[in-house]
Structures are given as C-alpha cells and as structure tokens.
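Here is what each chain is made of, one letter per residue.
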Amino acid sequence: MVTTYRPITLREALEIRSQARTILLAGGSDLMVRQRVWSGTIPQFSNPVVLISHLKELQEISLTENILQIGAGCTLAQIINDPGVPAYLKLPLSQMATPAIRNLGTIGGNICNSSPAGDTLPMLYALDARLTLQSKESARSVDIAEFITGPGHNSLQSDEILSQITVTLPGCSRYFYRKVGARQAMCISKLSFFGLADTLTEENDSLIRDVRIAFGAAAPTVIRSREAENLLKGRRCSRVPQLRGDILACYERLLSPLDDLRSSKEYRRTVALNLLDNFLTNDLQRSCVE
Amino acid sequence: MSDTINFRLNGEAVRLTVPPLKRLVDILRDDLNLTGTKEGCGEGQCGACSVLVDGRLANSCLIPAALLAGRSIVTIEGYRNSARFDHLKACFEKAGALQCGFCTPGMILAAEALLCQNPKPTQADVRVALAGNLCRCTGYNMIVEAVLLAAREGGKLWSQPTGL
Numbered sequence: 001m002v003t004t005y006r007p008i009t010l011r012e013a014l015e016i017r018s019q020a021r022t023i024l025l026a027g028g029s030d031l032m033v034r035q036r037v038w039s040g041t042i043p044q045f046s047n048p049v050v051l052i053s054h055l056k057e058l059q060e061i062s063l064t065e066n067i068l069q070i071g072a073g074c075t076l077a078q079i080i081n082d083p084g085v086p087a088y089l090k091l092p093l094s095q096m097a098t099p100a101i102r103n104l105g106t107i108g109g110n111i112c113n114s115s116p117a118g119d120t121l122p123m124l125y126a127l128d129a130r131l132t133l134q135s136k137e138s139a140r141s142v143d144i145a146e147f148i149t150g151p152g153h154n155s156l157q158s159d160e161i162l163s164q165i166t167v168t169l170p171g172c173s174r175y176f177y178r179k180v181g182a183r184q185a186m187c188i189s190k191l192s193f194f195g196l197a198d199t200l201t202e203e204n205d206s207l208i209r210d211v212r213i214a215f216g217a218a219a220p221t222v223i224r225s226r227e228a229e230n231l232l233k234g235r236r237c238s239r240v241p242q243l244r245g246d247i248l249a250c251y252e253r254l255l256s257p258l259d260d261l262r263s264s265k266e267y268r269r270t271v272a273l274n275l276l277d278n279f280l281t282n283d284l285q286r287s288c289v290e
Numbered sequence: 001m002s003d004t005i006n007f008r009l010n011g012e013a014v015r016l017t018v019p020p021l022k023r024l025v026d027i028l029r030d031d032l033n034l035t036g037t038k039e040g041c042g043e044g045q046c047g048a049c050s051v052l053v054d055g056r057l058a059n060s061c062l063i064p065a066a067l068l069a070g071r072s073i074v075t076i077e078g079y080r081n082s083a084r085f086d087h088l089k090a091c092f093e094k095a096g097a098l099q100c101g102f103c104t105p106g107m108i109l110a111a112e113a114l115l116c117q118n119p120k121p122t123q124a125d126v127r128v129a130l131a132g133n134l135c136r137c138t139g140y141n142m143i144v145e146a147v148l149l150a151a152r153e154g155g156k157l158w159s160q161p162t163g164l
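In order, the protein sequences belong to chains A and B. Heads up, the first sequence is in my numbering, so the first residue is 1 and it goes up one at a time. Heads up, the second sequence is in my numbering, so the first residue is 1 and it goes up one at a time.
Same shape as in the complex, but just chain A (with noise of 0.2 Å):
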C-alpha cells in the first residue's frame, strides 16, 4: 500500500511534491471512482497520496476590480455560492454532477483531470483563465490552453501543485452556455458550448464589443478560434447574418468529435453547429433590436 501525505500547509505539500513522484488528490470524486476495487477494500494508487482539498491556502476566492482568483481547492459549491463570482461563471458549475458531489470536487481538480468533455473548461477557455502553478522553489503562470496539451494531458510537472486560477472578468451583456447530456443532472456531456459577448447599443443597432465562443467534448481540447472571433468584434449586430456562414465555417474546420459510447461524431457535430447558430442569432443578432 501507498503512502498517504495530509500535509498541513501548501508549503509542507510541496516539500512533498519536490521530493518524490506522487499523485495529488484533492476532491476524490474522480480518483477514488477511478482507483477503487471492490466494495470494502481501499483504493489502490500506483504512487504515493497527497492530500490537498483541506489546504487553506487553496480554498480563497477574491474579487480585486475585475480580476478574479479563485484557489484551486474551491469546491464548485463554494463557487457557485460565492456572490463575488458572476453568474456566467457559476452557470456551468451548477450544471455538473449533483449537489453532493458538487460539495466535493474542486475547480482544480476539473482542471487537472484535463478530460476533453470536463465542464468547468470551455467557460475558462473562454475567460482565456490563467493557471498559477506552484512549486517548492517559484511559481509559474500558465494560460489554460497552454496548460491541457491532450485527453487527459498537462503540463503540470512533478513538483508542482495547481494553487490558483486568475480570470481577468470581461465586459458581458449576454451569455449562453448549454450542457447536452443523456440527463440533466450527473451525467458527462456529450457537447457543451459556451458563448458570451459584451455589445454597446448604440442608435437602431449594437456594437460587437467583445465575444468568446468555446465548445467542450468536441475535440481533443476545448475549442476555441480567435479567427472567428475577430471577424464578429467591432461589427455591429445586424451584419451577423452575413457573417454567419464564415463564422460556422471556421468552427466547423475545427471540430473533431469522437464516436464513442455516449453519442456519435455526427450527433456532436450537428449538434455543435445548431447550439453555435442559435447564439449567433438568439444572442448576438437580437441585441440589435433591444
């Protein structure tokens, strides 16, 4: 059996860390279902444990002028419950799992699990959240699309610890996030997209200030062009039906969708395309009339 570390400050945790090769553990709710064996018996990990959801230097969340941090052992419920984070952000994570799963798993282990369909992801790809990865000797500060590099892949390296997330909150008017799942709770998605954009009215029309659109569970990493993007920023809201059939073509360059026991490629891809329409029209085009 492994040795299991619950080290009582971050400090001491990455002491740990520096000296040997170990598995973090924070939340459990996704190692100790993928590490368990039967019924009565005790989880079985190839390294040594450390502990880390308890760490107080991970469970802060701050709200200073628009940036936002948010520790990486905040558990989603503290987040969701937390009235300095906006609604857009909490949107997602009231959508995972099930309120007593949502009381264990942390934001950092979401991140860190780095699953392709790992829903607090397109809405920090999309808040382009950066990553302060801690070690025993410094910090360095990572921008989350650079950080997941595959399924399931990151760069975290051995004696690091994930200890904070950094969101810079932009300007927001009108957001769109939908989770498609077999079922409404406790379910993985099959496609998430999230949308939000930031648009001035001005007379009779709307400028497009500012706009992020992410989908999850449509490739390998969260998708997200900038190509897309800029050709909708600065426009105002009525040109979007002539952007629209450029705007669909970039994504759909992109999106490379599994077939696999929860849904297949075809399904994912439609159904990707009709939610990113449906935000382009719902959202975007119709701010131009409010």
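It is possible that some hints are incorrect.
One side of the interface only, derived from the structure: several residues of chain B facing chain A at Cβ under 7 Å [as the list claims (entries may be wrong)]:
{"hint": "1", "residue": "17"}
{"hint": "2", "residue": "19"}
{"hint": "3", "residue": "20"}
{"hint": "4", "residue": "44"}
{"hint": "5", "residue": "45"}
{"hint": "6", "residue": "56"}
Facing chain B, from chain A, some residues (calculated, C-beta under 8 Å) [said to hold, decoys possible]:
{"hint": "7", "residue": "33"}
{"hint": "8", "residue": "40"}
{"hint": "9", "residue": "42"}
{"hint": "10", "residue": "43"}
{"hint": "11", "residue": "103"}
{"hint": "12", "residue": "220"}
{"hint": "13", "residue": "224"}
Worth flagging that the hints you see were computed from the coordinates, not collected in a lab. No residue lacks a Cβ here, since even glycine has one placed at the ideal position from N, Cα and C.
Please build the complex by placing chain B on the supplied structure of chain A, with the hints as guidance.
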C-alpha cells in the same frame, strides 16, 4: 498501514485507527457497524451512501478516511435522533414516499441538506436537491411531495440548529 484520525460522528468525538484511503462508507458500515448508510454504486452516482459532512451532503463512497480529520459527520443513525427526522419520517409516510427503502437514508439526508439552506423550496428546488439520489423503485413524485410537505408543515423546524 494505518493512521489515527480524530473527527466528530453524530455529535460525538471519534478516534479511529484506519488505513488513510479507506472509504468513509466502509468505515461506517464495517468498522462502526452503522449500516443505515447504504452502498449502491460505489461511484458517486446513486446517492445511497449520502452523509452530511460539516452540514453539507456528500457521498461517503468518495471520501477517504484521511480527509475526515477535524470534520463533523452525520449519518442517518445520528439524524434520526432529531425532531426534523421525526417530521420528515411522518411526511415520507404520509406521502407514501418509500417502497424498498434502500435510497431512503440518502433521500432523508438530501432533504435535510436542502431544507436547512432553503426552508421554503419550490418543487424545482427539491428536484435539483435530490438529483443525485436515485430511487430504483422510481417513486420520485412521492418523494418530492414528501419533502414539499415537510417544508410546508415544518413550522420553524429548519430555522433552528439540530445540535448535531
């Protein structure tokens, strides 16, 4: 390899020497003979093993022993000594909200976790709060009705602490 862990269980201090990754559901059922907590799926999907951890609902099949240190756990055995349990029990009976009973301990604790946060829930609130608790007899409508009934007729029960 075992560690000694101190936590509170049903209002009392507990000191246990167990393997640090042993699951809470196994500690409750095998070490402490508290078999009111059921194991259904063992994967966090069914909610039969639900307990309250520091007042919040959690799946005991997902919690390793070492994470219990300093926490307060309430199982159905502890909760049944409360006036809230008596009231919920009466409402479950009145609404016919149980068939085989396997999901009931988890359902009752999920109802408690909801009502102590939100004493006047809507039907939608109840359905969200029970979303992680599966009933394979599929008596959901009666269970939802029982929780709504408990809220309607609960008076001030959920505005006072249980003492657990």
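**Asked** What are the numbers of the hints the structure violates, in ascending order?
**Response** Structure breaks hints 1, 12 and 13.
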